[in-house]
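Number of protein chains: 2
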Amino acid sequence: MGGKSVRTGDFVVIEKNNNQWKGIIIQVGRNLITLKLKSGYNIGIRVDNKTKIEKTIGEKIEKHKPVKFELKFDKTKPLVSILSAGGTIASSIDYKTGAISSSYPAEQLVNTVPELVNFANIKTEKILEEMSENLIPKDWKKIANSVFKELKESEGVIITHGTDTLSYTSSMLSFMLRNLNKPVVVTFAQKSSDRGSSDASMNLICSTITATKNLAEVVVVGHGTVSDDYCLINRGTKVRKMHSSQRNTFRPINTYPIGKVYPSEKVEFLSKYRKKEEVKEEPYLDDKIEEKVAIIKVYPGINPEIVDFYVDKGYKGLILEGTGLGHVNTGEISMLPQIKRAIEQGVIVGMTTQTIYGRVNPYIYSPARVLSNLGVIYLEDLLPETAYTKLMWVLGHTQNKEEVKEMMLKDVAGEFNKRLQPNQFLY
Amino acid sequence: MGGKSVRTGDFVVIEKNNNQWKGIIIQVGRNLITLKLKSGYNIGIRVDNKTKIEKTIGEKIEKHKPVKFELKFDKTKPLVSILSAGGTIASSIDYKTGAISSSYPAEQLVNTVPELVNFANIKTEKILEEMSENLIPKDWKKIANSVFKELKESEGVIITHGTDTLSYTSSMLSFMLRNLNKPVVVTFAQKSSDRGSSDASMNLICSTITATKNLAEVVVVGHGTVSDDYCLINRGTKVRKMHSSQRNTFRPINTYPIGKVYPSEKVEFLSKYRKKEEVKEEPYLDDKIEEKVAIIKVYPGINPEIVDFYVDKGYKGLILEGTGLGHVNTGEISMLPQIKRAIEQGVIVGMTTQTIYGRVNPYIYSPARVLSNLGVIYLEDLLPETAYTKLMWVLGHTQNKEEVKEMMLKDVAGEFNKRLQPNQFLY
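Those sequence lines, one after another, are chains E and P.
For the first sequence, the residue numbers in the working numbering are 1 to 427.
For the second sequence, the residue numbers in the working numbering are 1 to 427.
In case anyone wonders, no lab produced these hints; they're calculated from the structure.
Among the hints, erroneous ones may be present.
The list treats identical chains as interchangeable, and a pair is accepted whether it falls inside one copy or across any two copies.
Simulated crosslink set (DSBU-like; lysine-lysine; CA at most 30 Å straight-line) [claimed, not checked]:
id, residue 1, residue 2
1, K123, K340
2, K266, K55
3, K292, K340
4, K191, K266
5, K191, K418
6, K313, K340
7, K340, K126
8, K401, K22
9, K280, K340
10, K152, K77
11, K410, K191
12, K75, K138
13, K152, K22
14, K410, K16
15, K313, K292
Looking at chain E on its own, in the form it has when it is part of the complex (with noise of 0.2 Å):
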């Protein structure tokens, strides 16, 4: 490599494999190049001994100026709504320099990931300028609120948030968003610390491609590998995110995904889903929920006394994350006696695992025959995440025990497979 002494600020020509590429250095990797080309774009260039790189010394890349140029409306394509509820995709278009705003207008975005007109007319709007980590139930209400106004106008609605907590966005939404006919896409960006290029450009091609679909779910798209060849798209209900960092991040939770999509503009499905023609009844927006519902992740030495604590501040609903096939302790330090206690006292408890894949199951053992018995839901494969929206859901409709129950068991949006295979396990 012809410049090693590079480093962040230089304005460089790097030519490699014949391309040639000017811009300035945003990042120094140990054989990654990060640049800001004068289009805006950055670019991520693998440096090796074949790599020239010169710094042209005393130029200066000007500060990128967006293009002015208006969008026209393509009669041909359809229109796809892209809805910023914050996140680190907000800003990482704009990565370190500072071109864009967070807030995005249709004609900034598609001048930074001018792809998306291949697909589809776009429009935006901010409604929610928050990390991901800060949202609570009535944010949940607020985007289902924003994409079902938008579903009437638009062909799809893409939703771009941060990963902290999307897929509990994504599962409420699926609950919300009844007789959904339309695709509504969640996505995102990582933008690892150890990385050059951003996978947000990438990340909005392939959901701009899925939003413009026969697809009538709520779906999460983005990187299905750590290389930029192509995305996911995973149900909102049977997705989460596994890696802190990683740009693959999102994986299915015992099923396939639905597909992958190609920024190419290949997509290949990989599992049934819901198409449009198959909803007959008109949307609906249904967004009430009681938020009095909490998680409990159980442990060996975990004080049982913590069942108390909700159900004496008035909690509705308890979703135990317990171990295995769904227990808990019944031997020393029992938590029976205090579950019993909830359940008596009118609190629905559901039972998922914390091994989060596979199913629970009260009929292998007898513990956990006794806590069926007791009244605890045992709620099948559901990722403790989406029985914890969808409790908060189904409790906002009927606080009714059998009723509560049965909407528990009852798919409402793809949130169980009955039949789960080996290799759907960390897919």
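Fit chain P to the supplied structure of chain E, relying on the hints for placement.
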């Protein structure tokens, strides 16, 4: 299939591919019949149209009597102790018809899994008889004490353990057994209800092989795949039960497995591990722990007062399972005041991530830096479960804030991995 009408309890002769099995049916699946053979073995036989099944009406299989044979000590082979701490593996050897008692003396165990004598002289002892969801911290001490005592005589110790909380035990043993200079292997059986054949035998064989190797760590050994091809050897501090029923449930987290072990005796080492000769100092048992430690999983809508609950109950340590890179709500329903109060009252607060894979990092987003500045200890790539047992163990030694922080971040038993690799994700 020539015997659709067979059922549990029938004595049958099954012929398939020139093989013949005689035995009593103990389970009838859709295409699988589980037979208890005269030898005492259970075998799962896939049945199809070509399988001939003949019921031998009137004939009854005698209740299996263990062959009374005396185990002779083979001087050319090492001594391995198998300690039973309960769980499915102890009962699955006996399966449903109860030929072997759950205490399984060495003779009976070897009669059931005769391969074991190929690798070692076997000694057995029952130390606990409990489903693992019922284990509490004092049980970890009991197991550690039994293992330590046993290591004086044996070349390696195997602990058979329920799966539910196995990795909590394996991590705690890793901390309690200091200067460990022999293999300590924790193993298990899943025996999922949808399968005829138990995974107990292969796991015991693999564990015995591992227990005779030049390995000076606490490891978890069990099925690597859903087939019976090999077991994984995983480090006790970096392993987790990731599926509620599949036999390949124990996966390495944020690391590669130490190795693969085949029932043929072949062992492939895949990553660094500690060898006996590297341990220069005398082994000792260090089982002092502080039990007043709790895990708090963070989620949107969590009641921040849960932190106060533990502080007011006199807890000394809290492990947060934060979102993403180690975040909590610092917005409208912030947890900051409660966390600040906890730290001011001398409670140690450690941060891990609920993504399971990946590392926490307080330096990417500013709210995490605020937490870190308050005194929250960001615990790198530690599993929440390992962070929990480690904090108990560390607080058993010192409650000085600076000393605790130093010990929590120092590698004691291979619990940290400084350089995560992308393909360690979902291994």
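Hint-by-hint comparison with the structure:
1. K123 / K340: neither (52 Å within a copy, 43 Å between copies)
2. K266 / K55: So K266 and K55 fail the 30 Å test inside a copy (39 Å) and across (55 Å) alike.
3. K292 / K340: both (19 Å within a copy, 25 Å between copies)
4. K191 / K266: within (24 Å within a copy, 42 Å between copies)
5. K191 / K418: between (35 Å within a copy, 20 Å between copies)
6. K313 / K340: both (17 Å within a copy, 22 Å between copies)
7. K340 / K126: Classified as neither: same-chain Cα gap 46 Å, cross-chain 33 Å, threshold 30 Å.
8. K401 / K22: Close neither inside one copy (66 Å) nor across copies (50 Å); limit 30 Å.
9. K280 / K340: neither (43 Å within a copy, 53 Å between copies)
10. K152 / K77: Close inside one copy (17 Å), not across copies (76 Å); limit 30 Å.
11. K410 / K191: Between copies only: 28 Å across chains, 37 Å inside a chain, cut-off 30 Å.
12. K75 / K138: Classified as neither; 37 Å inside a copy, 71 Å across copies.
13. K152 / K22: Cα proximity of K152 and K22: none, with 44 Å in one copy and 68 Å across.
14. K410 / K16: neither (57 Å within a copy, 42 Å between copies)
15. K313 / K292: both (9 Å within a copy, 23 Å between copies)
Comparing the model with each numbered hint stated earlier shows that hints 1, 2, 7, 8, 9, 12, 13 and 14 do not hold.
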